[in-house]
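Starting from the given sequences, assemble the full structure and let the hints guide the process.
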Amino acid sequence: MDKLVPDVNDAVADITDGASLAVGGFGLCGIPSALIQAVLDNGARDLRVASNNCGVDDFGLGILLGAHRISRMTSSYVGDNKEFERQFLSGELEVELTPQGTLAERLRAGGVGLAAFFTPTGVGTQVSDGGLPWRYAPDGSVAVASPPKEVREFNGRQYVLEEAITADFALVRASRADRLGNCVFDLTTQNFNPLCAMAGRTTIVEAEEIVEVGAIPPAQIHLAGIFVQRVVALTPEQIALKRLERRMVRPRPAVDVGAVPTSAAGADGTTE
1 MDKLVPDVND AVADITDGAS LAVGGFGLCG IPSALIQAVL DNGARDLRVA SNNCGVDDFG
61 LGILLGAHRI SRMTSSYVGD NKEFERQFLS GELEVELTPQ GTLAERLRAG GVGLAAFFTP
121 TGVGTQVSDG GLPWRYAPDG SVAVASPPKE VREFNGRQYV LEEAITADFA LVRASRADRL
181 GNCVFDLTTQ NFNPLCAMAG RTTIVEAEEI VEVGAIPPAQ IHLAGIFVQR VVALTPEQIA
241 LKRLERRMVR PRPAVDVGAV PTSAAGADGT TE
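Here my numbering is used: position 239 in the sequence shown is 239, and no number is missing along the way.
FYI, nobody ran anything at the bench for these hints, they're computed from the structure.
Incorrect hints may have been included.
Claimed, not checked - 20 Å max Cα-Cα, derived SDA-like pairs, lysine to any residue: (1) Lys149 / Ala164; (2) Lys3 / Val211; (3) Lys242 / Ile210; (4) Lys149 / Arg135; (5) Lys3 / Val213; (6) Lys242 / Ser175; (7) Lys149 / Glu163; (8) Lys3 / Ala13.
Said to hold, decoys possible - Quick list of the computed label-pair ranges, beta carbon to beta carbon: (9) Lys82 / Val142: 35 to 43 Å; (10) Ala143 / Gly113: 29 to 37 Å; (11) Glu85 / Ile226: 34 to 42 Å.
Each residue gets a CB set at the ideal place from its N, CA and C atoms; glycine is no exception.
Take a look at the structure:
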């Protein structure tokens with residue numbers, strides 16, 4: 001089945017108000033930025049999104065947040081997004097904070113058909129005991145708090161029950177894909193992309209390169225096409241639009257302007 005669609009706007013045309021989305025990426029690495037922009041242009045509101053984070057104020061999921069299109073986030077990291085913080089603390093946004101490994105496993109569980117699983121992560125904290133603020137009231141009080149979860153003992157250790165995540169739509173970005181939806185994610189862009197793709201009932205892939213069926217060796221496929229319903233080829237401009245969330249570099253060492261660089265000095269210490 002050829003799953004290639006003409007462009008990103010056609011790919012997201014049936015995402016309507018109230019839809020749930022699983023969105024790949026980590027920070028700004030490997031995010032489906034073109035599909036996110038198309039969802040913004042499409043006008044869908046009251047979206048419930050599961051993603052590791054919510055982008056930054058002016059890029060990634062941050063553009064949907066800034067337009068007040070997102071009503072609920074399930075995330076493990078909120079980063080440096082000031083608008084996210086403002087909406088959460090003012091009661092405009094509901095947020096379910098989830099340990100990162102737990103979030104990954106909840107998405108994977110949803111993709112393979114498991115209803116829930118037990119994990120030791122979070123036992124003895126508000127993750128298991130309940131009481132984490134999900135939504136604040138305008139006066140700063142907690143309007144909605146997380147409920148307590150089932151805890152069981154296995155082999156002398158406590159485990160908390162976490163429910164799987166599935167979504168109406170999954171938005172992911174692949175480095176390469178074929179027309180059947182088989183995908184490859186380069187390096188760290190693998191992050192949450194395959195997991196979100198598995199959790200979506202309708203999975204939409206934006207790909208930097210479309211290759212012929214059979215061009216990707218089976219052992220090199222990171223996401224099987226069985227999980228994908230639509231593939232869209234990115235334009236060169238969309239491929240080039242990539243951002244760094246935070247640039248971290250080492251400070252340059254101080255340079256003595258009177259010193260002679262070793263590489264420029266002769267055997268007798270003279271320079272040319």
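The hints, checked one at a time:
no., hint, in the structure
1, Lys149 / Ala164, "13 Å, holds"
2, Lys3 / Val211, "13 Å, holds"
3, Lys242 / Ile210, "19 Å, holds"
4, Lys149 / Arg135, "18 Å, holds"
5, Lys3 / Val213, "12 Å, holds"
6, Lys242 / Ser175, "13 Å, holds"
7, Lys149 / Glu163, "10 Å, holds"
8, Lys3 / Ala13, "15 Å, holds"
9, Lys82 / Val142: 35 to 43 Å, "22 Å, violated"
10, Ala143 / Gly113: 29 to 37 Å, "34 Å, holds"
11, Glu85 / Ile226: 34 to 42 Å, "39 Å, holds"
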